[in-house]
Each structure stands twice: as structure tokens, then as C-alpha cells.
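Protein sequence lines correspond, in order, to chains A and B.
Taken in order, the first sequence gives residues 1379 to 1936; the numbers are from our numbering.
Taken in order, the second sequence gives residues 1379 to 1936; the numbers are from our numbering.
No lab work stands behind these hints: they were computed from the structure.
Heads up, some of the hints might be wrong.
As the list claims (entries may be wrong) - List time: in silico DSBU-like cross-link candidates among lysine-lysine, alpha-carbon distance up to 30 Å: (1) B/Lys1640 to B/Lys1429; (2) A/Lys1733 to B/Lys1733; (3) A/Lys1422 to B/Lys1787.
As the list claims (entries may be wrong) - Okay, the calculated beta carbon distance ranges per label pair: (4) A/Tyr1727 to B/Gly1934: 43 to 49 Å; (5) A/Lys1829 to B/Gln1509: 44 to 50 Å; (6) A/Gly1390 to B/Met1935: 57 to 63 Å; (7) B/Lys1892 to A/Gln1525: 35 to 41 Å.
To be verified - Some residues of chain A that are not near chain B, with every Cβ distance over 10 Å (derived): (8) Glu1608; (9) Tyr1746; (10) Thr1776; (11) Gly1777.
Heads up, the beta-carbon is just placed ideally off N, CA and C, and yes, glycines get one too.
Protein chains: 2
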Amino acid sequence: MSSKFAIGVDYGTESGRAVLVRLSDGAEIAEHVTPYRHGVMDEKLPVSGYKLELDWALQHPTDYIEVLETSVPAVMKAAGIQPDEVIGLGIDFTACTMLPVDEAGRPLCWDQAFSDNPHSWVKLWKHHAAQDEANLINEIAARRGEQFLVRYGGKISSEWMIAKAWQILNEAPEIYTAADKFVEAADWVIGQMTGNIVRNSCTAGYKSIWHKQEGYPSADFFKELDPRLEQLTETKLRGDVLPLGTKAGGLTAAMAERMGLKAGTAIAVGNVDAHAAVPAVGVVTPGKLVMAMGTSICHLLLSSEEKTVEGMCGVVEDGIVPGYFGYEAGQSAVGDIFAWFVDESVPAYAAEAAKQEGVSVHEWLEKYAAELKPGESGVLALDWWNGNRSVLVDTDLTGLFVGLTLLTKPHEMYRALLEATAFGTRKIIEAFHGSGVAVEELYACGGLPQKNRLLMQIYADVTNREIKIAASKQTPALGAAMFGAVAAGASAGGYDTIVEAAQRMARVQEETFKPIPANVAVYNKLYAEYNALHDYFGRGANDVMKRLKAIKEQAGML
Amino acid sequence: MSSKFAIGVDYGTESGRAVLVRLSDGAEIAEHVTPYRHGVMDEKLPVSGYKLELDWALQHPTDYIEVLETSVPAVMKAAGIQPDEVIGLGIDFTACTMLPVDEAGRPLCWDQAFSDNPHSWVKLWKHHAAQDEANLINEIAARRGEQFLVRYGGKISSEWMIAKAWQILNEAPEIYTAADKFVEAADWVIGQMTGNIVRNSCTAGYKSIWHKQEGYPSADFFKELDPRLEQLTETKLRGDVLPLGTKAGGLTAAMAERMGLKAGTAIAVGNVDAHAAVPAVGVVTPGKLVMAMGTSICHLLLSSEEKTVEGMCGVVEDGIVPGYFGYEAGQSAVGDIFAWFVDESVPAYAAEAAKQEGVSVHEWLEKYAAELKPGESGVLALDWWNGNRSVLVDTDLTGLFVGLTLLTKPHEMYRALLEATAFGTRKIIEAFHGSGVAVEELYACGGLPQKNRLLMQIYADVTNREIKIAASKQTPALGAAMFGAVAAGASAGGYDTIVEAAQRMARVQEETFKPIPANVAVYNKLYAEYNALHDYFGRGANDVMKRLKAIKEQAGML
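So that you can see chain A by itself, here it is in the shape it has in the complex (with noise of 0.2 Å):
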């Protein structure tokens, strides 16, 4: 039994967390925040003031450091422990987050010569300023039958690598020359411990286009987007991409010393939040779908094979769990779509009569629908509030509400939203399962799971499936000290695989969600509504979401 301790740092896209984590049993000893000082940069660039233009969404590559810097330090201090009991450091982080960097791997934004530049600054995953780099890319992927385009359901997204680094070299071509590499800023930050860049099977698999076997798309498709990327992926995004547990390198002294850790403690390659969180819950299997829960939901899932699925956001081998095939699908609103609700739908009544029972809005309305049976309220909805990323892969379509009548109340409106995104969760669940990748079993981590009885209950009779809850309130970092603890290695008292390392440290809440049997079978009549209504208003029998919103944009434009 090891007595030994590996810290997790979860990069997210406000501030960033470490959490020290006991090898033996997973137990979260400490954790400390740090807010990002620049935060998110949407408006203007520091010291020059430089405006923004919209959809832009910038980070400072300094503030990462600041986190390593301070809060590394403090959950040392609050634990009580010697820097020789750390053996390993892992982080996850937000993707694809991007920045340009020279030749010593710094971020050309701290140089005076390109600090004025936007294009020099980190590019957040939300940035969304390449979508016509994006929309060219999927035309031209489509036009000439790439295959890449099916593991990633038909659509590369704008906020992924290839379309930030084409809108650098469209919108700011000194810059894009200037850059000795693209890097996400996950490998950047573990570079600045270890003094050497890596690439991870994460993120390149994911937000890179880049396949084990395959590598990534041709030169020859790259130079038809744009003769001045044809050498892309043999430039500024060569460099070896290991899978995830590899160890990236040890801590400098220099950083050893900055974060009050020992020289040469194992520093594991990066990883993505959502990712992280898949062994952190104890998955390392295939047949066990995890959600990662909050204002979307992510959705992942491992398989010995690779298979085409509709609608997934990318298929990666060693993308997840290395050894399997780590399968990523999203549904792009869903905790927001329950937010909407309380801030622009719920009636004043409402709002005071929580107020008066010292409850949230949420609480309130979520006592409320829990006294309703499935059906009961007769309304449905479509859970298109954000458009549908699985299976559809849709942005223009849009939320419908069904089933409404003089006697609504915001309760039943409230819980028809619950179960529309736990159609949502079915819709991928199926496509899955149809494509013959299975899912058995589901298990729920994030923001909503662990508050939210009623939505956790809906889901397992919606899905007719058993869900297992996070036990940890910090799933991504706990995952990411367990990749830490192998890249460490058994020998120095960590694991010498994710696998071993979850038996160990992986937790669940015991209480479990089980389906009632009565409400699956209600549930599977409202399924087979929604299930209708999804495919008239998605799959092009009526476009009518389309043609509101072309209609809408029309009209903004008067």
C-alpha cells in the first residue's frame, strides 16, 4: 500500500484547481482555487487595449503558471506533507485551447514585438472566430470523401486546432510565421514543468484530426485549403504525441522550486477535463458510458473497436484510456437549457415562494416536478435550446416546446426539460449501442449529478440503464493525479497503469440510480414522441428551425 501522494491540477475556463490526492485509496487531502487574473479576454488585450472583435475569447498563458505557482504550493501546505511524498503531477484542461510559440517554447504573446497582436494570445476552446476557416474546411473535407470526417461525425468544429491556426494565418500571417509550433495549451503548460513540449493523444486526437495509425490529413488536403499550410502538420505541429499516462518528463529545478515540489517529480503528458474524469469514476472498460454533467453534457465511452458512429464528436484510440478506442459525443446544452428556464421562464409566484420555503428556484421547481409521474403534465420538449450536437450535428435547430395548455405550471414545463435532455442522452446512448458499441451501464460526474435527485432518477428511467455517481466533487482532477501517479510508476509508488490505478483510487457514491420499471415503460411511449419529432425537425422533413432562424437573421439586418 502506498503512502505516497500525486497532485491533480484542473485547468478550467475561469480559474484553475489543484487537489492533493492520497495514492492509497483516492482520498482528496486538499485542493486549493486560483482564479485566472486576466480571466476570460473577450473584450480588449491587456496593456495595449486592444478591442476584440465578437466571438473572440483570449487567455494569458501567464495565468496557468500562476495557478502551478500558488496553488500547488498551498494544498502542500494545507496537507502537512514533504515534497518527497508528491511522486507525480498530472493536469487536465480545457480543449482545444491553443497558442503560437517560438522556438524555446514561449508563447510569442510575452514578446514585445507581438503583444499588441491578438493573434499571439491564447486561443480559448470558446473562441469562435474561425467558423468560416471551419465551414471551408468541412466543405472542401467533404468534397474530396476524407475519410477523417467520419470520426468526428461529419464536422470539424471551428473551435478546434486546424481552424484557429488557419484564421492566424488568414487574419495575421507574421504571426503564424513567427510560430515555431501550435501547441494546446495543456502540452504548453506541462513543457513549462518538464522544459520540453509534448503532444498528447488527447487533444490531438480530438481537436487535432491526428489518428494512431493514420497520423494527420494529408499534405495534399491541407495545401487544397490553402497552399501556405501544405507542410502544417510537418511544422508547426510535428512533435511526438504520447498517450495519455506517459510520462512528459520530470519537474525543473526551476519550477521545482516555484511550486515547492521536488526536482524530477514525474510530470504525466495533458489531458482534457472530461477525459480525466473517465478512470477518476473508475472506468477503464468498455460498455460504460460516463457523463460529465454541467452546462453540457460530455459524453465517453471505450471500445476495443473503432466504429463509425452518427454524430460523435471524434473517435480516438489511447484517447481516453490507452489500449482502447475513447468515444466522445455531446449534447451542447443542458444544465444552460435549465438556467434559461429559471432566469426567463419562471413566474414571479414562483420565484417568491421559494424565497419564502428558503429554497432556490431549482429546489423549488425541481419538489415540485418530483410530484409529477412521468406523462403527467402531457408536455414535451425538444432540448435544441444550443442547437444538437449528437447525433444531429446541427447548430441551426432550436428548442420546441409541446403539449402546452391554459393549466401549464413552470413545474411541468421545468421537469419536460429534464427529460427532454434525457432523450437527448437516449438519442446517443442508441446510436451508440446500434453502431455496436455497447452501453450497459452509465455514470454521471460534474456539477449537476450530485444536486439533482430527481434529473439523475429521470435519466436512469429514461435510459432504462443504472447510474453510478461520482463520489469526488473534483472528478477531472482527481483523474488527472491518478495519470500523474502512473506516470510515476509502480516502482516510485504510484501504478504502472490507469487501470491498477483506478482500482485504487477510483470512487463512487454508494447509493446508485435504479429505472422503476412503470416509469420506463411511460418513458418509452414519451421516447417514441420525441424520438419523432426529432427526426421530423432534424433530418430535413420540415426545416422550419432553419428557416425561422435564416428568417430572424434577415431581420436583424433591417
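The hints should help you fit chain B onto chain A, whose structure is shown.
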């Protein structure tokens, strides 16, 4: 130029209102309201306290007389005129509001032998407990291929005379036997003033399946409903049916004294509220659709021909203006939907903002909705919160929103609801127009038009027709007074026809709402989308609304 006056009495659901009108120009000199002492009796009977079942709605006939004794003297006093200056009186009533009377025309509920029996009382228009009888009427009529069905859009309502009379037979045969006649409350009140009950062509036609040429349905049909009903129309529904504007008789000396009028004053036959409003806005010829707009909309239209129009509520010769076929259609919820939205779907921040701006929530929503261009919200609705009355005639249809996003705001959804009801009216207009019953312009009266400018502009834009707004706030009462003047005749200082009365007395506001071409163009596109959804959900392609309702009912029984 006549210097005489007439009185119109408008009998609503909760109260009666007398309006004293100058015949020379239709000026409303005085008005007075008397709330019904017993209101709507939907829980228990007076005196005995007998508990009523769900869906019952009764009234006390004495309350109607109290209106005459209270409000008529009040307007006379307020106007300071002499009894001989009032030459005629007309009334309009909710319908079908019916009661059983004995040989003397006395309500059976006035007889102590029957007053404990709820079936002896007035059944108000919204008494909905005769649904089983209505279902059987429709089933049997359809099976027999009864031609009268097409005059009523294929459906006889549970609110109407035959269903209510049959319910009395089924549940209280002793009341049925004791009843000498079943009469509309409108006809009964007139009978109380003249000493002689006659029936009017409006309620007989729209509510009792009476036809000027064909009379009532055959004895054979009634026999098939129930052998005991075979003689219904020759016995308990017997009596002359007189066209609107006919003098039912002169005011009896006894009633003249109680009302403060002159004995012998001309009393017109009864009428229905929305129907009386038609000449009161000056409509006495074909092509002009009158919309009585409130919680719902009643659409009324004249034509020289009897046509079959999909989903109309009724077509009756002399039913609105003598000499024409009067067509009725309707939307079962309009203002009710807006009220639902304000009550159940407007967030606390909007209610708070309205308060701070010193306006009602309705006004606040209208203000911001008015700033939107047509189509700018991207939201579309189907206005079926209370089913669809015309043209689908289906109470099982429900409301729908499509086009919702995380950025959708309450005033956008509100505008979509206003537009949806306008699309519903356009659907009715197209049904008439397309069946050869021309609709050239629109007239609006009732509670909504005078205070909702945005709503009126949307109706003009959606229907591409000019809309004139009633000048009177009491259009039905004004119409009733006009019919009173016609009952008196020109020789007495009144008018010989309702056309002449309308020329002198009817008024609309100077300002009209004219379609704005740019808006019309966008609404043509949005209406095409409404229409596609209307047919998809309403004509059997996807009966999801009915299935959701069935699931709801099953869930409610668990």
C-alpha cells in the same frame, strides 16, 4: 332626426349592463351595471346548499330580472329623460344559456317542488356536464349522415341546447317531464317583459340546430338519440322563431312600472352578445369580418349564400342581420393565452421592471415586443392552448413553441403568441375566402382591440387587411339598443331596418390599422411555417398532441 332613445341590456357571465342610447347618432348617454346576486353557481345550489358536480355551471333567473329593475331605472335617472322618450329595448345574452319553464313561463327552479333539483335551474353557456350527450349526438348524426352537421363544422357542442336538454332527461326525467318548454334565457327574459315567450333566429339557429327552411332535425333523428326525445322539437322546443329586430311584444304594465319605462315600449326579440355587436360596428353587408376579441375570439361574417366552410361554428339565415346568412367561427383562446403567459411564464425580473416603470406586465411586454421586427425573435407558436375551434374543431390539440434558444427573452415569446393568434385568424379568413365567402376587411370589438395597438397592427399585417376598431366600449349593448329601435320602427321614431339603424348609430374609431407591406411580406413566410405545423400536428400526420393527452390521462389515474 329622431330625438328618441333606446336601451340595450347586455347580459354577461357575471353581470348585466344597461346602456341608454340616443337614436339620432348612437351616442351612449348612460350605462349601469348590476352584478348577478348569485353569480355563477358552480359549487352548490342556493338555499338547499346541494353540492354540484364538476363541470356544472348554473345561474339564478331572478338575477336577470334584478338587472332590469336596477340598471334600467339607473340609466334613466342618470340621463334625466322621461319614459316616453324611450321607444324600444333590446337585449343580448350569453348562449346557449337555457332553462326549463312551466306552462306559465315560470322557471321550474322557482317551484319549491323542484328547487332542490339542480336540473331545474338555468344552465349557463359554460355548463360542460353534457359532454356524454354531445358525443352521442355527434356520433349518431355522423353515422346517419345528417346534413345539418356540416352547418356546424361537423360538431354539435356540449354547450348547446340539445345536449343540455338531453342531460336533463337522462339525469332528472321528472324535470324533463315537468318542463313545458326549454328556452334560451334571452327568450325567457324577453318573455318576462312582454308576457309572451318567443324564440329568436340567432340562438335557435346557432344553438338549437334550427334552420329557416328545414326547421329542426327530424323526429327520426331524435328518436334514435332516445325514444323519449322523439317529440322534443314539437313539444318542449315548440314556438315561433322570429328574425332579429322583430318586435317580440310591448312592455307589460307591471314590468314597465318595475323598470321605470312606459307600458307598451317595443321589446325586440333576444340576441347573442357577439352577434349583436356586428351592426353596432356598422357591418350590415357581406365581406366584413367582425372579430369580438377577448379571452377568445368570435368571428362573424355575412353572406348572401349558404356555403360549407371548414370548421365554422355555424351558419344561420337571419342569424346576425335579417336577409343574410350569418357565419360564425371562433378561436377558443386568445386573451386567455396572453393571460396564461403573464401568469405562468413571465420571470420575476420582468414583473419587477414593469412595476418600476409603472406599467402592467402586459404593457411592459407589449412595449418591448413592439420594438421587434416581424421574424426577429425566431420564435413561432401554435395558438392551441385551449384546443382549436376553427378550422380543425379539435379540443385535444395543445400549444406549441418552436425556435427557442438560450437567448430567447419573454417579450419575444409574448410576441410569438400574439402572432400565433393572428395566424389562427388568418387561417379562418382563408377558409371562408377560399370557400366563396369573401372577407375584404376586418372589424374588431371587445376587450382587446382598444388597449392593444401592437396586437391590432400584427393582425392587420398577418391578414393583409385593414382593421377598423369599434368606437363603443359596449358594442353588444349598443347593438341590442339598435335592435330595440328597429322593433319600435320608424313610425315611432326608431328605424324600420337594422341597416338604417346602423347607418345612423354605428361607429368605428377614426384611426384604423393598415397592413405595412414590409411586415406583410415577412408574415407571409412565417404564416407558411405556421400552416405547415398546423397541418402536421392538426390533420393526422403526427397525432403527438392527442397521444400526450392520452398518456397524461392515464398517468393521472395511476
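Each hint tested on the structure:
A threshold of 30 Å between alpha carbons decides the hint, and for B/Lys1640 with B/Lys1429 the separation of about 42 Å lies outside it, so the pair is violated. Between A/Lys1733 and B/Lys1733, the direct Cα distance comes to roughly 19 Å. Compliance with the 30 Å bound is thereby established for this hinted pair. Of the pairs offered as hints, the one joining A/Lys1422 and B/Lys1787 holds, with about 28 Å between alpha carbons and a cut-off of 30 Å not exceeded. The given range of 43 to 49 Å is broken by A/Tyr1727 and B/Gly1934, whose C-beta atoms sit roughly 24 Å from each other.
Our hint of 44 to 50 Å for A/Lys1829 and B/Gln1509 holds, since their Cβ atoms are close to 45 Å apart. Separation of A/Gly1390 from B/Met1935 is about 48 Å and departs from the stated range, judged on CB atoms against 57 to 63 Å. Between B/Lys1892 and A/Gln1525 the CB atoms are about 59 Å apart, so this pair departs from the stated range of 35 to 41 Å. Its beta-carbon lying about 39 Å from the closest one in chain B, A/Glu1608 satisfies the requirement of being farther than 10 Å from that chain.
A cut-off of 10 Å between C-beta atoms confirms that A/Tyr1746 is not in contact with chain B; the least separation is 13 Å. Not every C-beta of chain B lies more than 10 Å from that of A/Thr1776, the closest at about 5 Å, which undercuts listing it as non-interface. Against chain B, the non-interface label of A/Gly1777 is violated: not every CB pair exceeds 10 Å, the least being about 3 Å.
Violated hints for the displayed structure, listed by number in ascending order: 1, 4, 6, 7, 10 and 11.
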